[in-house]
Amino acid sequence: MPRPHGGKLVNRLTKASKIEKVKTEALEIPKVSVSHELRLDFENIAFGLYSPLKGPLTETEFDSVVSKGRLSNDIPWSIPILLDVTEDEASKFNVGDSIAIESNGELFAVVEVDDKYGWDKEFYSTNIYKTIDSEHPGVAKTNGMKPVLVGGSMEIFNEHPGKFPKYRLKPEETRFLFKEKGWRTVAGFQTRNAPHMGHEYVQKTALSFVDGLFINPLIGKKKAGDFTDIVIIESYQALIDSYFLKNAATLVTLEMEMRYAGPKEAIHHAIVRKNYGNSHFIVGRDHAGVGSYYGPFEAQEIFEDYPDLGIAPIFFRNFFHCNKCGGPQNDKVCPHGDEDRENFKGRIMRKLLAEGKNPDPTQMRPEVTETILRHEKPFVE
Amino acid sequence: MSDKVQIKISKELFDKVKEKITGTSISTVEEYIELLLENEFPEETEYTKEEEELIRERLRRLGYIE
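Residue numbers (the working numbering), protein chains in the order written: chain W, 1 to 381; chain H, 1 to 66.
Keep in mind that the hints were calculated from the coordinates and are not lab data.
Since the structure is predicted, the reported quantities are computational estimates derived from the model, not experimental observations.
Accuracy of the hints is not assured; some may be wrong.
[To be verified] List time: in silico DMTMM-like cross-link candidates among lysine to aspartate or glutamate, alpha-carbon distance up to 25 Å:
id, chain 1, residue 1, chain 2, residue 2
1, W, K246, H, E52
2, W, K18, H, E30
3, H, K18, W, E200
4, W, K223, W, E200
[What the hints assert, rightly or not] Which bits of chain W does chain H cover? Going by a derived footprint, with three or more residues having C-beta under 8 Å, they are:
id, stretch
5, 173-181
6, 302-312
[To be verified] Pairwise CB distance ranges, derived in the manner of DEER restraints:
id, chain 1, residue 1, chain 2, residue 2, range
7, W, K21, H, Y47, 25 to 33 Å
8, W, N343, H, I65, 34 to 42 Å
9, H, F14, W, F209, 27 to 35 Å
Positions of the beta carbon are idealized from the N, C-alpha and C atoms, including for glycine.
Same shape as in the complex, but just chain H:
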């Protein structure tokens, strides 16, 4: 089973996006929409417990967090 699903958008909007991405690194309208949505629902940067403690301690020492 594919991990992609289909959605529909208006032809007018589709054409506008197509024009906007011409000459950029984005080759398809789907890619552009995925990029927008990924920024809306980004993957969290993952830290190990140890990294997290080191960073938290440094930020606390420097006064950025309490």
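Isolated chain W (complex conformation):
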């Protein structure tokens, strides 16, 4: 199992014995409201998923991460975690003060302010998203963010139970779990979809040379037409129950927003899995991409710049069902031509499922299909 990123698992959850005191103090200090997505980021810092971060980035760290893809001490870090505030909000506190953070009217964290600074959104988007096109969802979000950034260290005194508490584990728990299972090497698989045969093929190919598979769906804001979170979880559970050895795969959710930052986000996803205790991370074609902003394999190529990442990427290029081979294959092992290959077409599978029809069993397991079709509304509207 790899060490946590930066060497030590961060824990920024207020100790139980101090919660009441911190909560009372939070009522008396300036408040800043944040989105639910930023609350999730703060919780991920507190749980240690973003180790070694202890809070939103200071200006020095912001400049270093945006321009170099590394923290100022050169530890790889590719996606800045930012606390943005209005000028009016910023005028109510100074460096050295503490501020209370609330989301949906609920106070949940305190930040000790180390820094307040303005930022150049074009510089940010150019480096993180490789575009300033406002059609890109990450750029659009950046453009809508507030003008002042606050850096510092934080602690969470009011932990959100999460959307699916049964599946939400902290890194100290997953690391313990892997140890209990006797898994020395673990491959992390990130997903935003119900599984089709291509996904299972990739997972089992990876599993053939590691001890365990860590299926880690991203739970969070989704776009219309995507599978709902509950459908993703239940369909994976159906797949694991029917097609994996008892002690081979585990399902844990990750509550985190997608940035669609392609290569930079692939590095971020790998770091989070390293903190969970994964030794390997599966990176497919166009990982975390959107539209045509990134080349199909850019999210794999960027790993060349991070030999010190401390988690091994496993790259998959194209996989498909081959009629001649009689099963799922990839372009490194199948000698047949396009006429024998049928790509796994998620869009077509979703269309069939939306009409209540079953995709071909060579594309999706019947148990998975049945699970999806048990839901009246399996897609985000």
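Once you've looked at the hints, dock chain H against the given chain W.
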């Protein structure tokens, strides 16, 4: 007495590693090799008895372990 020992690797491999780490947080070949080996023989996360019991109980309750 130093807690470091010397090992020898081929010059060719040394040069390849040196090239690979240029521009990264790793400043020496020794550091890179130590990092690789640390991942091969990592330090176990240490839990107190109490932490261990709490985590085991939660994982059992959630169905992750029996």
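We went through each hint and held it up to the structure:
1. W:K246 to H:E52: 23 Å, holds
2. W:K18 to H:E30: 44 Å, violated
3. H:K18 to W:E200: Violated, because 38 Å separates the two Cα atoms, which is more than 25 Å.
4. W:K223 to W:E200: 24 Å, holds
5. 173-181: holds (count 7)
6. 302-312: n = 5 at 8 Å, threshold three: holds.
7. W:K21 to H:Y47: 25 to 33 Å: 26 Å, holds
8. W:N343 to H:I65: 34 to 42 Å: At 38 Å between Cβs, range holds.
9. H:F14 to W:F209: 27 to 35 Å: 28 Å, holds
Of the hints listed earlier, those the structure fails to meet are numbers 2, 3, in rising order.
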